[in-house]
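Novice: Chain A is already provided as a structure; the job is to place chain B on it using the hints.
There are 2 protein chains.
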Amino acid sequence: MARVSRRFLEDSSSGATTMAFAQLASEAKRKPVIDLTLGQPDVTPPQTLVELLATEARGVGASRYPPPQGLAEYREAVASYMRDFYGVDAEPERVVALAGAKPGIAAAIYSVCDHGDAMLVLTPHFYAYVNAARMLGVKPVMARLRWDGGRLFIDEDEVKKAFEEHKPCLVIVNTPHNPTGLHLDRETLKLIGDLASEHNTLVLSDEVYSWLVFRGEHVPLLRLLGEERVIHLESFSKTLAIPGWRVGFLYAPREVVKATVFFNSNVYTGIPRFIQLAVAKYITAYREDMVEYVERVRKLYGRRARVFTEALSQLEDLIDVYEPAAGFFLFPRVERLIEKLGVGSAERLVELMAREVGVLAVPGTVFGEEWRGYIRVSLTAPESRLREAAARIGELATRGA
Amino acid sequence: MARVSRRFLEDSSSGATTMAFAQLASEAKRKPVIDLTLGQPDVTPPQTLVELLATEARGVGASRYPPPQGLAEYREAVASYMRDFYGVDAEPERVVALAGAKPGIAAAIYSVCDHGDAMLVLTPHFYAYVNAARMLGVKPVMARLRWDGGRLFIDEDEVKKAFEEHKPCLVIVNTPHNPTGLHLDRETLKLIGDLASEHNTLVLSDEVYSWLVFRGEHVPLLRLLGEERVIHLESFSKTLAIPGWRVGFLYAPREVVKATVFFNSNVYTGIPRFIQLAVAKYITAYREDMVEYVERVRKLYGRRARVFTEALSQLEDLIDVYEPAAGFFLFPRVERLIEKLGVGSAERLVELMAREVGVLAVPGTVFGEEWRGYIRVSLTAPESRLREAAARIGELATRGA
Numbered sequence: 001m002a003r004v005s006r007r008f009l010e011d012s013s014s015g016a017t018t019m020a021f022a023q024l025a026s027e028a029k030r031k032p033v034i035d036l037t038l039g040q041p042d043v044t045p046p047q048t049l050v051e052l053l054a055t056e057a058r059g060v061g062a063s064r065y066p067p068p069q070g071l072a073e074y075r076e077a078v079a080s081y082m083r084d085f086y087g088v089d090a091e092p093e094r095v096v097a098l099a100g101a102k103p104g105i106a107a108a109i110y111s112v113c114d115h116g117d118a119m120l121v122l123t124p125h126f127y128a129y130v131n132a133a134r135m136l137g138v139k140p141v142m143a144r145l146r147w148d149g150g151r152l153f154i155d156e157d158e159v160k161k162a163f164e165e166h167k168p169c170l171v172i173v174n175t176p177h178n179p180t181g182l183h184l185d186r187e188t189l190k191l192i193g194d195l196a197s198e199h200n201t202l203v204l205s206d207e208v209y210s211w212l213v214f215r216g217e218h219v220p221l222l223r224l225l226g227e228e229r230v231i232h233l234e235s236f237s238k239t240l241a242i243p244g245w246r247v248g249f250l251y252a253p254r255e256v257v258k259a260t261v262f263f264n265s266n267v268y269t270g271i272p273r274f275i276q277l278a279v280a281k282y283i284t285a286y287r288e289d290m291v292e293y294v295e296r297v298r299k300l301y302g303r304r305a306r307v308f309t310e311a312l313s314q315l316e317d318l319i320d321v322y323e324p325a326a327g328f329f330l331f332p333r334v335e336r337l338i339e340k341l342g343v344g345s346a347e348r349l350v351e352l353m354a355r356e357v358g359v360l361a362v363p364g365t366v367f368g369e370e371w372r373g374y375i376r377v378s379l380t381a382p383e384s385r386l387r388e389a390a391a392r393i394g395e396l397a398t399r400g401a
Numbered sequence: 001m002a003r004v005s006r007r008f009l010e011d012s013s014s015g016a017t018t019m020a021f022a023q024l025a026s027e028a029k030r031k032p033v034i035d036l037t038l039g040q041p042d043v044t045p046p047q048t049l050v051e052l053l054a055t056e057a058r059g060v061g062a063s064r065y066p067p068p069q070g071l072a073e074y075r076e077a078v079a080s081y082m083r084d085f086y087g088v089d090a091e092p093e094r095v096v097a098l099a100g101a102k103p104g105i106a107a108a109i110y111s112v113c114d115h116g117d118a119m120l121v122l123t124p125h126f127y128a129y130v131n132a133a134r135m136l137g138v139k140p141v142m143a144r145l146r147w148d149g150g151r152l153f154i155d156e157d158e159v160k161k162a163f164e165e166h167k168p169c170l171v172i173v174n175t176p177h178n179p180t181g182l183h184l185d186r187e188t189l190k191l192i193g194d195l196a197s198e199h200n201t202l203v204l205s206d207e208v209y210s211w212l213v214f215r216g217e218h219v220p221l222l223r224l225l226g227e228e229r230v231i232h233l234e235s236f237s238k239t240l241a242i243p244g245w246r247v248g249f250l251y252a253p254r255e256v257v258k259a260t261v262f263f264n265s266n267v268y269t270g271i272p273r274f275i276q277l278a279v280a281k282y283i284t285a286y287r288e289d290m291v292e293y294v295e296r297v298r299k300l301y302g303r304r305a306r307v308f309t310e311a312l313s314q315l316e317d318l319i320d321v322y323e324p325a326a327g328f329f330l331f332p333r334v335e336r337l338i339e340k341l342g343v344g345s346a347e348r349l350v351e352l353m354a355r356e357v358g359v360l361a362v363p364g365t366v367f368g369e370e371w372r373g374y375i376r377v378s379l380t381a382p383e384s385r386l387r388e389a390a391a392r393i394g395e396l397a398t399r400g401a
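In order, the protein sequence lines correspond to chains A and B.
So in our numbering, spot 322 of the first sequence is number 322, and the numbers just go up one at a time.
So in our numbering, spot 53 of the second sequence is number 53, and the numbers just go up one at a time.
Hint data in this document are derived by calculation from the structure and do not stem from the laboratory.
Incorrect hints may have been included.
When chains are identical, the list treats them as one kind, so a pair holds in a single copy or across two.
To be verified - Under the rule of at most 20 Å between Cα atoms (straight-line distance), these lysine to aspartate or glutamate pairs were calculated in the EDC-like manner:
(1) K160 <-> E217
(2) K160 <-> E255
(3) K190 <-> E228
(4) K190 <-> E395
(5) K139 <-> D114
(6) K281 <-> E347
(7) K340 <-> D317
Same shape as in the complex, but just chain A (with noise of 0.2 Å):
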């Protein structure tokens, strides 16, 4: 057998992706499945956005390297953006284009922190900022988040001690948030803002869901804590659904960018000049389709997580959900569930909900380990179904009786 690095070995036994529970459809009896695993968009990006695409797919010199900072036309196009909705007066060098926004996250660690450093990482967390630091030798230091009434904070003091004891080469934040889809309030933000800046830590920023608040507002971070502070990442994924083209970018301070583009250069090279251009030319020459697009998606998924947070409540002997703020998912508490089934964890219900009622959920710790007691379901299904994986939840519990 090949030698495989103890690294690998470590990394994904702790490691787990929402993208290996997709694959639990292939177990279930109950057909039609309802995936609820990814946070994967089932609406259609905008046709002039995929027209631009195909257009530009079909330009002089499309195929040729892009550069690993990304193309001049994409980068205004982003401080253009930045500038219209955050208020922020954004240079377009210091935009970097992403494959997404999850190389930032890599980029970012390594731009950082060095080897053996500690990261501080508020958990419940996306699983990328853990693998990501550990494949780069950085320890996750974790600080729980804390929920209720709808809110979502931190423990002041565990933070505080956190700073102190392990001085994080970065913290990262991400509001609106994956897996509850609650906000951070500004209160909270302050806080790390200035425990960040006590420390002289930056902040990395993960907004990727920025565009999809149902209630509250809505206020970047580089706007809060300055720009020198923050490394602010983002996506056109959600906002656009176009999850697949691998379109992102962050936004830094000058000496990350050249670390980012040194990491670009040597891991990826950089994304496909067409697809550059043609969400550059979709979010600049085509603003007022992309505002009313989004807008009316942000309704779509407010209305599925009033009506899922509904439908799921319903089972309170059961579950404890909150409805979310923003973003594309519930991440309700199962433990009496678990318990009533008697399947001793969240990852065992997962499988038995794929198996007998065809529901794919993702298990609580794909989003750090103590969320044994937790899933996370995504809104990316119609209102109908969403009632329709709350009620075959409700029945999977009857029969388990």
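Specialist: Chain B alone, transformed into the frame defined by chain A:
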């Protein structure tokens, strides 16, 4: 100033990439510039392939997440391509779709090497081998390649010693070779294979230039060393003149496949479905078109290689050059030219060439610190321009006298 990791500062100080040198163009007094920096095909990709891309971009589901291992259609097409052209009974389960060949380098190192391990690199070498290793905390150990009479080979004792002293986790072999454009002979490959086998080391075989062999025959390393010893890495960038599409693959033992899929999942997810589908259809349903295209391009580069070698050979007092057997590049020794012009290094020579005569090249040091006396020039310009480039270099030498 934001804190930047020491590792980036160290990596980037010795980790130049070819892309940085393409920017010299802006300094050139003499226009138009002849850009010989990148392995960027100047031919257009097959029109059929471009049309397939535009069609697939509009397809239902084109915008959805790709699976991190790649679509079944793509992996099956690659397996069939390997069966038909390499005579390998390839299994689609052992193919991983990659964003070009580059992510395969980082993924392979991650898969088999632990932090602090040594990795054996034959130098001169593609920069990403060393930069990706350093990013992942792996120590590159160099063995110098030698060439003579248009033959590329290793120093047997040096490579044996490297294996014994460093017990490398991985050895990277690249043939056809960048930057020299030469081939490692079978005897050399066999020797590396024996040593790898003896030390239970995997071989990463970078074969991105496999389709551009002007003289001799290309036999994939996995045919020579066995499929369990080799991670075969390939890209369609050069073969189909689509470097900007970022599409390639690796074929590896199952354990490495798993680790590479995990790497993809956490670093960039995967590559767009429409790109995978267009390439998959082209290399299977349009096989005849593909073979005819590649053959035409191969002949074109072969003629350019001869013409440019002859033109540079006329400066024999100043430049030593071999005619490449394959690939995109010449790697002439320019020590005497550097001396005559009194510039002291290949970096300075490259700057002078750019500024004074508008010929852009890459200094040998990009391919290893010790290659100070060399430059790399690509074959990605028409014959008349390559003759003109040689004439301009001659003119610079005269002027400098």
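Novice: Now, for every hint given, state plainly whether the structure supports it.
Specialist: Hint-by-hint comparison with the structure:
1. K160 <-> E217: Neither, since 27 Å and 64 Å both go past 20 Å.
2. K160 <-> E255: Intra 27 Å, inter 41 Å, cutoff 20 Å: neither.
3. K190 <-> E228: within (15 Å within a copy, 54 Å between copies)
4. K190 <-> E395: Classified as neither; 44 Å inside a copy, 63 Å across copies.
5. K139 <-> D114: Answer is both: 10 Å inside a copy and 15 Å across each meet the 20 Å cutoff.
6. K281 <-> E347: neither (43 Å within a copy, 38 Å between copies)
7. K340 <-> D317: Within one copy, since 10 Å is at most 20 Å while 87 Å is not.
Of the numbered hints given earlier, the model fails hints 1, 2, 4 and 6; all others are met.
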